[in-house]
Amino acid sequence: MIGRIEKTFLELQKDRIKAFIPFVMAGDPTPEVFLNIVEILEEAGADILEVGIPFSDPLADGPIIQQSAFRALKGGMHIDRVFSLLNIIRKKSNIPIVLFSYLNPIFRYGIERFAAQAYDNGADGVLIVDLPPEESLEGINFLEKKLDRILLVTPATSPLRKKRIAERTRGFLYCVSRNGITGLQKELSKEAYELVKSMETLSKVPLCVGFGVSTPHQAKTVASYADGVVVGSALVDELARIVEGKSTLEKFKEFAFSLAKSIHQEQKDN
Amino acid sequence: MQKRETFSLKLPDSLGYFGPYGGRFAPESLMEALLELEEAYKKAQKDQHFKEELEELLKNYAGRPTPLYYAKRLSSLLGDKKVYLKREDLLHTGAHKINNTLGQVLLAKRMGKKRIVAETGAGQHGVATATACALFGMECRIYMGELDMERQALNVTRMQMLGAEVYPVRVGQKTLKEAINEGLRDWVINLHTTHYVLGSALGPHPFPMIVRDFQKVIGEECREQFFKQEGRLPDVAIACVGGGSNAIGFFYGFLSDPQVRLIGVEAGGNGEALGEHAARFASGKLGIFHGTKTFVLQDENGQIASTHSVSAGLDYPAVGPEHAFLRDLSRVEYSKVSDTEALEGFFLLSQTEGILPALESAHALAYCLKICRKLPKGAIVAVNLSGRGDKDVNQIAALQNKGQRV
Ligand SMILES: Cc1ncc(COP(=O)(O)O)c(C=O)c1O
Numbered sequence: 001m002i003g004r005i006e007k008t009f010l011e012l013q014k015d016r017i018k019a020f021i022p023f024v025m026a027g028d029p030t031p032e033v034f035l036n037i038v039e040i041l042e043e044a045g046a047d048i049l050e051v052g053i054p055f056s057d058p059l060a061d062g063p064i065i066q067q068s069a070f071r072a073l074k075g076g077m078h079i080d081r082v083f084s085l086l087n088i089i090r091k092k093s094n095i096p097i098v099l100f101s102y103l104n105p106i107f108r109y110g111i112e113r114f115a116a117q118a119y120d121n122g123a124d125g126v127l128i129v130d131l132p133p134e135e136s137l138e139g140i141n142f143l144e145k146k147l148d149r150i151l152l153v154t155p156a157t158s159p160l161r162k163k164r165i166a167e168r169t170r171g172f173l174y175c176v177s178r179n180g181i182t183g184l185q186k187e188l189s190k191e192a193y194e195l196v197k198s199m200e201t202l203s204k205v206p207l208c209v210g211f212g213v214s215t216p217h218q219a220k221t222v223a224s225y226a227d228g229v230v231v232g233s234a235l236v237d238e239l240a241r242i243v244e245g246k247s248t249l250e251k252f253k254e255f256a257f258s259l260a261k262s263i264h265q266e267q268k269d270n
Numbered sequence: 271m272q273k274r275e276t277f278s279l280k281l282p283d284s285l286g287y288f289g290p291y292g293g294r295f296a297p298e299s300l301m302e303a304l305l306e307l308e309e310a311y312k313k314a315q316k317d318q319h320f321k322e323e324l325e326e327l328l329k330n331y332a333g334r335p336t337p338l339y340y341a342k343r344l345s346s347l348l349g350d351k352k353v354y355l356k357r358e359d360l361l362h363t364g365a366h367k368i369n370n371t372l373g374q375v376l377l378a379k380r381m382g383k384k385r386i387v388a389e390t391g392a393g394q395h396g397v398a399t400a401t402a403c404a405l406f407g408m409e410c411r412i413y414m415g416e417l418d419m420e421r422q423a424l425n426v427t428r429m430q431m432l433g434a435e436v437y438p439v440r441v442g443q444k445t446l447k448e449a450i451n452e453g454l455r456d457w458v459i460n461l462h463t464t465h466y467v468l469g470s471a472l473g474p475h476p477f478p479m480i481v482r483d484f485q486k487v488i489g490e491e492c493r494e495q496f497f498k499q500e501g502r503l504p505d506v507a508i509a510c511v512g513g514g515s516n517a518i519g520f521f522y523g524f525l526s527d528p529q530v531r532l533i534g535v536e537a538g539g540n541g542e543a544l545g546e547h548a549a550r551f552a553s554g555k556l557g558i559f560h561g562t563k564t565f566v567l568q569d570e571n572g573q574i575a576s577t578h579s580v581s582a583g584l585d586y587p588a589v590g591p592e593h594a595f596l597r598d599l600s601r602v603e604y605s606k607v608s609d610t611e612a613l614e615g616f617f618l619l620s621q622t623e624g625i626l627p628a629l630e631s632a633h634a635l636a637y638c639l640k641i642c643r644k645l646p647k648g649a650i651v652a653v654n655l656s657g658r659g660d661k662d663v664n665q666i667a668a669l670q671n672k673g674q675r676v
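First to last, the sequence lines map onto chains A and B.
Numbering-wise, this note's numbering puts 35 at position 35 of the first sequence, and it's gapless, one number per residue.
Each number in this note's numbering corresponds to the 1-based position in the second sequence with 270 added.
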């Protein structure tokens, strides 16, 4: 049986369409608004949903996603509540869901227990930021059977490790656009393009680019060479502005639509 | 017995493990930098020139060997016991931290790095890093929590005068843990130009090994000094444990001497509740934090807990992985003392010996006072005086003004 992630990419590829993969933090700013936002994103045309599990010390993240995690934690978010939210989403939607987490909350929860519960509540993939492929932990094999474990490559990754990571990743390969942390950027680096090109012959799964894709224009550029575009900080920043009373869900929706449009239309424009 | 301890001397294994602890749990964006560092360190270790250059610096610049001082007046208060102090406080910049920063900055220079970043809690590691950077002409940025900048203000000024940029970290509890987060983020962004000088025996492999190796000079020296000065080894050796660098460096020299009882002292803070202390072995759980698998103070959801200690250098939620293993082997015992006890230790040493200890080191002293009551007559105790207390005088004066019983 093929998973939701693979199925989604197969369908997109038939029409030569690139995937729009928004990232949002579970429970930010509240569970209710989060669910609302997920609906908006789907309506806008999200193809895969990346859902963050908040962590107290997100060291691969810039200030925007850090604050998002802190808001979610303040609201009492934790893994079991993330699963309840997934469950609610799954009742209405078949969108592939990738959980994005740091290792310690999962480790504390129990890796096997996490994998089983995540699967049962409708998660399809997991990306554990601080678990490199070289590290093995009890329960990881089980997790990899239950969920697509998505790995990352960065512009700094050596050719040898690129090859190993490409062989090990499932669902898709997450290509980090630059040497850095999550956050906005004015211009896309050339590194992202070069990284994707260098992975094309190595990878059997789709190549998605994330970290710092900030505008519809940048998203369009990435969609011209990658199979999918992950947009995190830019969306979360818009959300933060709503929390501060400087923006509205309506504007968030507009932004999501414009991102989706620029990614999905890329192929047609070529 | 003997076998077991010699075994632990060969660690970590090739993946950075001390038994079940340690490892390299880093984001992909740091993996290559860590591998590059490990490679460069291995090469440097084999290079006689590197060894000689570091030895020369430690001797003529930092002031090694540090004295092993018999604290006669302090001892006389404790019955028929002999307390010796390993005087790392007399090193240049005032703490053991310089042993590690000279080593790492020298290594960074060999690696062709132009810029150094580091975190600091008490400011001692920051000062020692800024010093090494001044010496080697490297650009230097130190990340420091805003709370720590307040309580260790003197060290902030010192770092600035040494030409370093002190970057305030205003996230979370604004102490060491957040400073490390920020330092690592900087490193990720500036991989090619920058080396991250981690200040304790923590973090992803190879840091716990590198920091230990640069600090083990403390214990090795001390062991020889005991043979020379006392004709025998101490019965007990005590050190405070923040991340664990002064302690691992001190203990390392004695690991294969089973007759020497080794005791690490954590910060008991204000009480037993989570958030009130930094006693990882007392109530921490196995976890993975800042790249290493070890005991971590955390809540039931795996979120890292806030910590408290009167001493900024011990105020950290995870303990170095090698300590966790030495505890499993029952080779080192771990205990804790409270803020109040540490302050008592601070004043006792100041007023009986004329030595102001760092608040971190005062934890080791306070435990020494406690345990001496239980030791047989004639017992010899060695305390690693990891740093001097100049940095703490303003903070302690402020506590006195607030009417704390100190
Ligand atoms: C004087 C002194 N001792 C001890 C420590 C604690 O660190 P570690 O456990 O790595 O020795 C510090 C840290 O800042 C320090 O400044």
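Derived by calculation from the structure, the hints in this document are not laboratory data.
Just so it is clear, the structure is predicted and the values come from calculations on it, not from any experiment.
Hints may be right or wrong, so weigh each one.
Only pairs whose alpha carbons sit at most 20 Å apart, straight line, appear in this in silico SDA-like list of lysine to any residue [said to hold, decoys possible]: (1) A/74 <-> B/305; (2) B/555 <-> A/137; (3) A/163 <-> B/444.
If you want the footprint, here are the derived chain A segments under chain B, 3+ residues with CB under 8 Å [to be verified]: (4) 20 to 26; (5) 124 to 136; (6) 220 to 226.
Residues on chain A that point at chain B, a partial pick, calculated with CB under 10 Å [claimed, not checked]: (7) 60; (8) 70; (9) 75; (10) 79; (11) 83.
The beta-carbon is built from N, C-alpha and C at its ideal position, and this holds for glycine as well.
Violations among the numbered hints = 1, 3, 4, 6, 9 and 11
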